[in-house]
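Participant: Sequence:
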Amino acid sequence: MKLRLLGPAEPASQERFGAAVRALCAAALEHRARTAGRLPADVPGQRQTRPHPAGVTTRA
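Heads up: the sequence shown begins at 1 in the UniProt record's numbering, then just goes up one per residue.
It should be emphasised that the hints constitute simulated quantities derived from the structure, not laboratory data. Note that the structure is a prediction, hence the values are computed from the model and not measured. We put the beta carbon where it would ideally sit given N, CA and C, even for glycine. There may be inaccurate statements among the hints.
Here are the computed distance ranges between Cβ atoms for each label pair [as the list claims (entries may be wrong)]:
no.: 1; residue 1: R50; residue 2: G18; range: 40 to 50 angstroms
no.: 2; residue 1: R4; residue 2: E30; range: 47 to 57 angstroms
no.: 3; residue 1: E15; residue 2: T49; range: 27 to 37 angstroms
no.: 4; residue 1: P51; residue 2: M1; range: 53 to 63 angstroms
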């Protein structure tokens with residue numbers, strides 16, 4: 001039960017957390033590298049809102 005809730009004792013939780021942070025940073029850098037080459041025309045714009053049919057109300 002302890003292993004399932006807290007994870008393994010080795011490596012220490014700080015080391016596992018640090019490794020997870022480094023992996024996340026690497027994934028973010030790869031994503032930025034992929035998107036840096038995009039032209040502004042390739043990036044989709046914001047969606048336009050459509051008018052609601054008569055009698056239909058929306059919650060804010």
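Participant: With reference to the structure, classify each hint as holding or not holding.
Facilitator: These are the hints, each one checked on the structure:
| no. | hint | result |
| --- | --- | --- |
| 1 | R50 x G18: 40 to 50 angstroms | holds (47 angstroms) |
| 2 | R4 x E30: 47 to 57 angstroms | violated (31 angstroms) |
| 3 | E15 x T49: 27 to 37 angstroms | violated (48 angstroms) |
| 4 | P51 x M1: 53 to 63 angstroms | holds (56 angstroms) |
Violated hints, in rising order: 2 and 3; the structure is consistent with all others.
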